[in-house]
Amino acid sequence: MTGRERVLDAVRSAVRHSVSMPGAHPAPALDGSFPTFAARLAEAGGEAHGPFAPDALGAAVLAHARTWSAGGRIVVEPDAAPLLGPGGYEVAAPGARPHDFTDVGVAIARGAVAAAESGSVALTGREAPDRALLFLAERVILLLDAARIAGDLGSAFRALAPDALRFHHLTWISGPSKTADIEQTLVHGAHGPRALAVFAWRA
Amino acid sequence: MIGSSTPSSSVTRFANRIRAILSCRPVVLPLDLQARAVLPDDEAVARHDASVWALRRKRDAAAAAVPDFEALRERAAAIKDHALDHLDVYLERFEARAREAGAVVHWAEDAAALRGIASRLLAERRVERVVKSKSMLTEECALNPHLEARGIEVVDTDLGERIVQLGGEPPSHLIVPAIHRTRAEIGALFHHRMGSPEGETDPERLMAHARGDLRRRFLRAQAGITGVNFAVAETGSLVIVTNEGNADLGTSLPPLHVACVGIEKLVPTLDDAAVLLRLLARSATGQAASAYTSVLTGPRPGGELHVILVDNGRSRLLASPGHRRALRCIRCGACLNTCPVYRRAGGHAYGGAVGGPIGSVLAPLREASALPYASSLCGSCTAVCPVRIDLHEQLLAWRREAPAAPPGLLHGARVAAALMERPRLYRAAGRAARLLWPLLRRAGRRGPAAAWLRARELPPHPGARFGALFARRAREGRR
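Line by line, the protein sequences give chains A and B.
Heads up, the first sequence is in numbering that gives the first Met the number 0, so the first residue is 0 and it goes up one at a time.
Heads up, the second sequence is in numbering that gives the first Met the number 0, so the first residue is 0 and it goes up one at a time.
Extracted from the complex, chain A is given alone in its bound form:
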């Protein structure tokens, strides 16, 4: 018998298939507004800016990125570049290796959806094909369509494109990397980014 058969046999003899799935969870109807999202993100240690008019977004983001990068590399995921317009950054090359991003100052990517209740933004492999970039960069800026904010996490999952899981990853980001492992003292920048900003726009 293989390990697979031994595990499955033991499980099969233990279950009854009699406990049915609970009915739908009543929609919590939480507030999905930008101010609520921004407040929750601030609690998670991040900062929210905007919402900007689409043609003002690029200038605001790039000014922030230049301050944060202090002359270091600014790398933009291909999907976010059209939102920024030209100027002062490199676009991640298709097929780049994760180790190409070890010295990035600021990474910029577009978020797919957001959940206001926790100030979280989701990105898939479509928006962020270079997943390591989101964690190796010293600081991260996410661009978000303010119309794509759901109230709670469940609604936000359902608002994702149907093919969202066809990509290798779907990553929810809620503020910068953090730890409180030393005497419960909160420290930002545990392994990943030390700071996170979300720039929203509204068409």
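Simulated from the structure, these hints should not be mistaken for lab results.
Check each hint, because a few of them may be wrong.
To be verified - So the derived list for chain A, only partly shown, Cβ under 10 Å to chain B, looks like this:
id, residue
1, Leu7
2, His16
3, Ala114
4, Thr123
5, Arg165
6, Ser173
Said to hold, decoys possible - A few chain A residues that don't get close to chain B, going by computed Cβ distances all over 12 Å:
id, residue
7, Phe51
8, Ser68
9, Ala69
10, Gly70
11, Pro77
12, Asp78
13, Gly86
Backbone N, C-alpha and C fix where the C-beta goes; we use that ideal spot for every residue, glycine too.
Model the placement of chain B on the given structure of chain A, informed by the hints.
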């Protein structure tokens, strides 16, 4: 003998219960009954208590901020019950979908099988350097020592895990592994093992030092090993939650990702995972969400993903209608943070990978354990559990089903039973105790029970036997 007293008397019934306890197999109890100094002094106990209680209070505030929190708990419990009762279906579905997405799925019936599969995967690829993110399952299965014995460098990357790894000790909390350590202790440890400046105790600078050291290890690692918070059957996805982003670096830099998944982690759909995720961080640390929640489906481009589904006793729990509910656990640690025993004893007192109420519920599954006795049965754990496990009822049930009373309790129970079966001797002992009471109070501080009595005090004696007090109360009541 029992037969000499009236069979129906309450004293006899009580004596019978005590005799039931006496028939148990005694085992070593690692908690303070055994008087092992885990938290070194009263100050350490107070600090530990305050730290974990702060987490409990944050959990309460986070729960209160969600209008449907109680409904979520109900639903989470129902989802887990359904998933567990159809676990064979969901395991096979997960396996099929994960394979379609490009993952290789392995099955391990026990800890040895997990160790074997993991070390074979690494050996085949000549892996010498592994970065690991937090996984209580690999602690449970003692994976690290097994790999290290084969010459593989295994680096725990969660800061708390790294601290206990460098210190050569097991984690003492599910979520905050080094919660029993002070900044001064961690500073000294980092100085000796990582070369940080001597005397450095600032958490921010200590973290910066660890970040630099671990970043180098992330970049040169050949494989990343992770645990998993949830495995989604519908899509074959793995859900991994961290605050530090360590699991994300560990899965996006090395070419090989080995994910170790307890079979109870299966949920039917992503929607179901969302319900559990909304409870997890709130119950654990009081955050609305952890910094990173990653849903990984298949290997990263150019990489390999191997998923090891591990039983290691879980199917036995599943087969027990009384104990199956313990498999709902999502390892948030809320029951630890609220437990009056855990808060004062610390996680190491439990002597296993998982401490606290849930650890005491899971321990008897693997070996005779006195841990179910390490509880006041106050039910605070049950009140905060996000998946509504009836933890204190489970502890009581284990005492009934697999009794393994601590030796101290056994001796006490033997004496009590002998006395209660002999009414005259019982009264004589009472008289003697009343006379010797002040002596007993003093002597207890030195004898074999001294450590146990450090935090306990014999109350002053009321001065008369219970029967006399009761009769007086009855007379006064009539007047």
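Where does the structure disagree with the numbered hints, that is, which hint numbers, in rising order? none
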